[in-house]
Each structure stands twice: as C-alpha cells, then as structure tokens.
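**Student:** Same order as they appear, the protein sequences are chains A, B, C and D.
Just so you know, we're using the numbering used here here: the first sequence kicks off at 5 and counts up by one.
Just so you know, we're using the numbering used here here: the second sequence kicks off at 1211 and counts up by one.
Just so you know, we're using the numbering used here here: the third sequence kicks off at 970 and counts up by one.
Just so you know, we're using the numbering used here here: the fourth sequence kicks off at 122 and counts up by one.
No lab work stands behind these hints: they were computed from the structure.
Be aware that a few hints might be false.
[Unchecked claim] Pairwise CB distance ranges (calculated): (1) B:Gln1243 - A:Pro319: 16 to 26 Å; (2) C:Asp1049 - A:Leu143: 38 to 48 Å; (3) C:Glu1110 - D:Gln252: 38 to 48 Å; (4) D:Pro135 - A:Asp168: 21 to 31 Å; (5) D:Arg247 - A:Arg390: 56 to 66 Å; (6) A:Arg390 - C:Ala1060: 42 to 52 Å; (7) D:Leu170 - A:Glu245: 20 to 30 Å; (8) A:Leu56 - C:Val1039: 47 to 57 Å; (9) C:Gln1045 - D:Arg247: 16 to 26 Å; (10) A:Asp168 - D:Thr307: 38 to 48 Å; (11) C:Gln1045 - A:Leu143: 27 to 37 Å; (12) C:Glu1023 - A:Asp168: 30 to 40 Å.
[As the list claims (entries may be wrong)] Residues from chain B that keep clear of chain C, each with C-beta distances beyond 12 Å, as calculated: (13) Gln1230; (14) Pro1231; (15) Gln1252; (16) Ser1260.
Just so you know, even glycine gets a beta-carbon here, dropped at the ideal spot from N, CA and C.
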Amino acid sequence: MSRPKDERNKTVLALTSSALLLPAYQGALADAQPEFTEVGMRYSKYDEDDILSRKAFGGGSERYEIDVAQFHLLAPVADQWSFALDVAWEDMSGASPWFVGESASGSPKVIMSGASIEDTRTEVSGTTRYYFDRGNAGLNYTYSDEDDYTSNAVAVDGAFNSEDGLTTYSAAVSTSHDDIDPTQGTIPTNTLSARKDVNSVWVGVSRIVSKRALVRFGLSYTYRDGFLTDPYKGDDRRPDERKEWAASAGYRHFFDAPNAALHVDYRYFNDDWDVQSHTVDIAWEQNLPQNFRVTPFIRYYTQHEAEFFYNLEDPSYEYFADDYRLSAFGAFSYGLRLRHDFGDWSINLDAERYKTDESWGIYSGEESPGLVDFWRYGIGLDYIFR
Amino acid sequence: MKTLTSLLMAVVLCGCETVQPWERGILAKEEMQWQTNVSEAQLRNQIYASKEASSGGAGASGGGCGCN
Amino acid sequence: MGQPAPAVLLPDMSAAGEVSLESLRGKVVYVDFWASWCGPCRISFPILEQLRNELGPEGFEVLAINVDEVEADARQFLADVTVSYPVVRDANGTTPLAFGVMGMPTGYLVDRTGVVRVIHQGFRKSDGEPLRASIVELLGE
Amino acid sequence: MERIEHTFKGMGGPCRLRLEVDTSAAADTAIAAAVAEVQRLELKYSRYLPDSLTSRINRAAGLGAPVPIDQETAALLNYANTVWRESAGLFDLTSGVLRRAWDFKSGRCPAQQELEKLLPLVGWERVQWDQDNVYLPERGMELDFGGCVKEYAADSAAAKLRQQGVSAALVDLAGDMAAIGVPEGTSGWPIGIRHPVSKEQAVARVLLPEGGLASSGDYERCIVIDGERYGHILHPRTGWPVRGLVAVSILAGQCLVAGSSATIAMLKPPGDALDWLENLGLPWLAIDADLVVHGTMA
C-alpha cells in the first residue's frame, strides 16, 4: 500500500522522526532471555554412613546409597522465550530405619528394614519462560516416577523489576499431586494406595544494595494435605494435614581484593506439627587464576521435634512417629566445590559431609537412634553453544 | 510476621545507594547469583528436604518424591 | 531526546588516540553503551556490525562506548566478538551519565546534525529491522 | 486464538480495544494497562480539566513564571513544533483560543472584531519552551493539545498492549486507530471509513496493517449560514473556518503522524490539499465539499 520508507516525502520523514522521540515509541528496557543454549550433565553419589551397632538391633547396618545422574538444558527460543529441560535419574538402594525398639539396657535402638529397598526414580521437568519488558514469567511442569510413588507438579513464577532496576519483586505458586503405592520390599506397609497434595506460594523481593552487594527476602507458605504418614515405617500415624511457613533472607557481597564473593543465606521454618527450624548457609566463592574457582561452604541446621515424635510407641497416642527426621537435632555440613572454565566448557567437582547430633541442636528433645550422617560427591560438565 | 513485614519494608525503602545501570558489572558476575550451580542446588535441597523436617523457603516447592 | 547529543571524547580501544562524536558530525551515528557482562550487548554487536557494513557507505556509523569497570573484561569480549566500528572506553561513567543511560545496553541514534533522535534500550534479535528503518529515515533527511 | 473486545469511554468519545490473545486471562491486565494509559493522557492534557498540565500551563500565561514540564511533554511540544513548521504555520497549538468566538450551536457567525481581539493570542512562534519548561508570554494565550493527544494516546495504548505481551491488537479511540500485529491469517485489521453524510455507509474499506489510521472530518460540527457551510477547523491567522476538504483519512506508521497529516490536509485549500496528499506518499482518502471521494484508498 505504501511506498518504501526511504522514498517517502520529507514531511512524513520529519513528522515520523519527531514523533519517534515520544515515550510511546521508545522501547522499554527488556529482561533478557539467555543468549546461548547451555547443556550440562552431572553425576552425584549420596552415601549414608553405616548405622552404629550400639544404635541398631542386629549390629551395624548398611544404610542408603543413591546414584544420581542429572541432565540440564536451557535454550533461548524465538526472541523473548526460553525453554529449560531438567531430567534426573536416581538409583536408590539400601536400608531405611523401620522402627525403633527398646534394647535390654533400656536405650532405644533402631530396627532397619534390611537391604530390601531397591528403587529408581526418574524426574522430568520442563520450564518455559517469557521475558517481557522489566521482568519474566515462567511455567514449570515436573513429573516424577518411582515404583511406589508418582508426582505431578505445576508451578508458575514471575519476577518484576522496578523502573530503576534496583528492586526485583518475585512470586511463585505451585501445586503437586502425589500418588503413593508402596509395593516393594518385604516389610509390611501402612497403606496400599494413598494420595497427597502439596500447594505452595512464595513471594520475594531482592534489592541492589551497592555496586557489590545484593539482598533478598522471601516468604513461603506450603499446605500439605493427604497421606503424610511414612508408608514404610513400622508404626507411623501422622495428621493428614500440614501447614508450613518459611521466611528466608539472602545476602551476596563481592570483595575486590581477594576476588571473591560471600554468600549468606538464612531460613526460618515453622509448621503446625510444632516443628521449627533455623538454617544458615555460608559460602565463599573464591576465584583463582586460570579460570579456577574454589568454594568452601558450611551449613548449620537445627530443628525442634514434632509434637508427636517419640522413640517408643504407645498405642494410646493419636499421632505417633519415631522417624528421626521429626526428632530434635542439629546438623553441620561442610563441603567444597571446584569449578574450572575452559573455552565453552566448564567442569564442577564437589563434595559434602553432613553430620547430625541431638546435642548440636538448640532445641532439646529425645534423641533418635536413627539420625543420619552422609557423604555426597558430584562431578558435572557444562557446555555453552556460543 | 510483623518483624518479617517490617524487614521487607526496610529492604524496599532502604537507603540503598543508587547503582547506575552501567555500574552493575560485578552484580552480573556468575559468582554473585543467588544460585551458582542450579543442578547441584536442586539436588542439595532435595536431599536436605528428605532428611530434615523442613523444606522450601527459596521459591515455590516443586514436585515431590518418596525419598527415604 | 530531541536535544544535541552530549560531547564524547574517549580513548579508542583498538587504535592509538581518541575518538569524538564531533568528528562523526554529518553522519547518522548509533552511540551504543555496552559492557562485557551484559547479555543483550552480545546479541547487538553482530547486528550493529551488519547494519554498519550495509549502511556505512550512505553515512551511517556506530560508536560503541564500553563502560566495563575492568578493561580486561572488555578486551576479552572484543576478542570474541570483533567489530569494524570504533569502540571507545569510558572508565568513570561520565558519558553514560551525560546521556542518561537507564539500562544496558542503551543506544542513541544521533542524526547528521548531532541531535539524538531515537533512544533504544535493551536489545533483541528482532530489534535490528526497526532500528534499520529508523537509520534509513534519518539518512534520508 | 481468542478475540476479545473491550469498549470504554475516553478522550471524549467511544473507545474500543480489539485483541487477539491466546488466553483471555492474560488480556485483562493488558486491557487495564491500555485503558489506564488513555486515562493518564486525558488527565494530563485535557484543557477541560482544571488540574491538567494543560490547564496549569494556560493559567500561568503572562504571569512571568515558566511551568516545568516532563520529558514526554517536551517531546510532544517538539513534535508540535515540527508539524507547525511542516504545515507552514497552519497547525498551531495556540489556535484553540479562537473557539471562544465560535459557538457552533448558536448558528451565527462572530463579529469580525471579536475575532480580531483573539487573533493576537494565536502564535506558536511566541511560545517559549525548552526541554524543561514552557511559558505562554501573554495573558489569555492557550495551548490545546487536542489536535494530537488523542492520536498519541492511541499509539501509546497500543505500545502498552505490546509491553503486556499482546501480539495483535487494534486500539480505536473514536476513529483514531493504532494497530500492533494483524489478526491471525489476515494482512490487516478490516476498517470501514465512514461516509461523512450517510454515516452507516462506508466510503472505503481498508485493511490496516501494523501502524495507525487517523481521520479528520468537518461535516458534523459546522454551521450553515445563508447556504454557506462553516466548519469547525479554524485558520490560525484569519480566525475563520477553512473552506477545505470535508474529511481526510490517512494511514501511517503511527496514528500520531497520520492524524497530524490529516489535520494539515484539512487546513489547506482543497486544491492544494489534494496535491499535498498526492505527494505525501502515504495511503490517503479525502472527500471534498461536493462529496467527491479522492485518494489511494478510495
């Protein structure tokens, strides 16, 4: 209909170029989609310490071992979209605490399930993300499948930057529907088939504090509804509802002289089972010559026991669990990450030691004999298609 | 809750210095991100959540697992 | 916007000496503020290079102003993404402040008389075509 | 793809948004943003609202203190200056004062001396403005953004829809239209240009691709005295209605550019106007006083 632009009359040119100075015709600053496609593979090993013979009937016992393979892909799509695919395969084997009994000396001892658990889990998670002016929004679907457990989850999240770009507001909601069908193993189970729903909302705000520091705060609420009892524990009767609150804070600070970044994260957690916990995570990301980076990290965790946690069963209790996860304890973990970038590749090595003890916690309670210590090792390789 | 709300307000209203758009190079560094290795962080969080009574806090929780 | 572009006189990153915006008067100039850490900047470079190759003979030029804090980062970027247009360096942020840069990257399309006519914030692959149209319009004046 | 239509009142007339979206949920916030943008511009620039920037500028006329303005207003003044220059002074933001003499409902012409009292208040060249301030040097002078704000609002509302992720939409502010994208499977938004007399009848049907369409018409608001038709478009130097074309519609990259081009054409004598439109290089349609239709869209 119209002639090519460059042949247009000079009045139209004058009007157009003058009009283009008005704000309506100026593109706003857009949140940027990733520039390149990235792929990554990781292998990790999770290995629980043997349970000490003084804490278990039938002597020391092997516990859980998991091999995990992870695949990650993140790719820009069209002009304002990205797509991420995460797949994880887990191969689990070993024994899990079955129930706690009383030894002749009167101290509680754990009875293990025997090397009866053998399971594999596959998780596939896809996220599409749209980058609009001043923010982005993502939609995630995650499917997880094990012999005895299936989970379908959908999550939506969004981030919105203030006009000056100094503050970012974020929010997310997720819902998950899980089916539990305990099938395997020789031990009797608490249910044959059950369901559980988990709904969660989260809001957060992050803020640039200075050229070298960022801070963020977040608040989340999670509602669990359905079969929350552990199907494999000897006697386990938990409420069919759980309401959880978590408040978190994070801080990042860059130090020029050592060429390093300090990460500090804290979380306070509280629920209506009377569990409260504090978590502190500190990491030091130290850059080294030749594109190496070493990151030592420590984590401290302490929790208050659930109101229905007891080592020894009494049938008169309405709710009962001897699961060590619901006992009062403290946990220290420390580890090291090593990263090396070479060309478009990067390799990551990491190791973590996790140790628990009832006496390390700030809350007192009955000590569970089933407390877990573990090692975790990982190796990952990432590639960027530039 | 009150404490938290006031903390949140403090961040939004804080007398943080204005960092010009061209001065955000350090903040854009990979080591300054909230998570520096997403796959590892996912795995860590999953393990902690399956061995402790707490989970979540850093975003909406995703799918579940029957992790023992 | 609609005002004469602030003066630019900065050291050339690829050759000895300095480049000024004044010396490009008479051309349509895209003054591009960029940094090595800015993702969309990486997308913009090849597109700007192509526009410059195509429309350079008609009087279009790009003047890229680097605002990295660490010069080595910028040099590393330029080693990966080479361009034929002049790249200068502003280590202390005076020019982006004078232009009122609101985000990275920001480009200012300056007409032949030195007046800022279009401000372009951010950069997506699809921004090349509308930018080309604006340049052609200004070249035709 | 879902088609959503939203009507509202704004800029003194019926307004309509047409959107093509994947889900209607996403459309609500986009529509809200676009409607808010139209209202924002109306509140800011309407000369009828006492708190508007326009009213504040007009009240400060001749009092000695320039009124501070923002970047958007500065850009709008800069644009008006370009149109004034390109129209050789026919398009003048200060000519609104002439309407004080013309009461189109009364059916009578003003006395020449009434107009002569007002004419000294017209003159864009006397307005003192820069990027930060504007000042009308004489008491009684007025700025009237009415000649361009509605068109600008259409473009700006369309830009808001785009920012909200809408890929195809048509903004119609009482006949001034701005489009982003095109309806799926078509090459443009189907628009009928109304006949100035028999209003139900379309003079032309066009497909509006991404861009703007604006119309300027002089048939409805006019008085006929002794068989002579006086339109409401007033010549800034004589104070009398121009005896020009009856209606002009133009399609351009921006509704704003289309609108001011149409206004310039209306202000020119009919012969000159047709030549000028011919040379403009934009799709156009014009109807003269004998209701003859001209133009590339005819």
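**Student:** Each hint: holds or not?
**Tutor:** Evaluation of the provided hints:
1. Taking the beta carbon of each, B:Gln1243 and A:Pro319 are about 52 Å apart, not inside 16 to 26 Å as hinted.
2. Checked against the hint of 38 to 48 Å, the pair C:Asp1049 and A:Leu143 fails, with Cβ atoms roughly 33 Å apart.
3. At about 21 Å, the beta-carbon gap between C:Glu1110 and D:Gln252 misses the expected band of 38 to 48 Å.
4. Distance hint check for D:Pro135 and A:Asp168: the Cβ-Cβ separation is about 38 Å, which falls outside the suggested range of 21 to 31 Å.
5. The beta-carbon spacing between D:Arg247 and A:Arg390, approximately 59 Å, falls within the hinted interval of 56 to 66 Å.
6. Under the hint 42 to 52 Å, the C-beta atoms of A:Arg390 and C:Ala1060, about 27 Å apart, miss the expected range.
7. Judged by the Cβ atoms, the range 20 to 30 Å given for D:Leu170 and A:Glu245 is violated: they are separated by roughly 55 Å.
8. With their beta carbons about 53 Å apart, A:Leu56 and C:Val1039 fall inside the hinted range of 47 to 57 Å.
9. Range check, C:Gln1045 to D:Arg247: about 57 Å between beta-carbon atoms, so the 16 to 26 Å window is missed.
10. Our hint of 38 to 48 Å for A:Asp168 and D:Thr307 holds, since their Cβ atoms are close to 41 Å apart.
11. For C:Gln1045 and A:Leu143, the hinted distance range of 27 to 37 Å is satisfied, since their beta carbons lie about 36 Å from each other.
12. Between C:Glu1023 and A:Asp168, the C-beta spacing of about 36 Å keeps the proposed range 30 to 40 Å intact.
13. Consistency note on B:Gln1230: stated as away from chain C, yet its beta-carbon is not over 12 Å from all of that chain's, at 6 Å minimum.
14. Here B:Pro1231 does not stay apart from chain C, with its beta-carbon only about 5 Å from theirs, under the 12 Å limit.
15. Distance to chain C confirms B:Gln1252 as a non-interface residue, since its nearest Cβ pair spans about 23 Å, more than 12 Å.
16. Remark: the non-interface label on B:Ser1260 is consistent with the geometry, its nearest Cβ contact in chain C lying 35 Å away (cut-off 12 Å).
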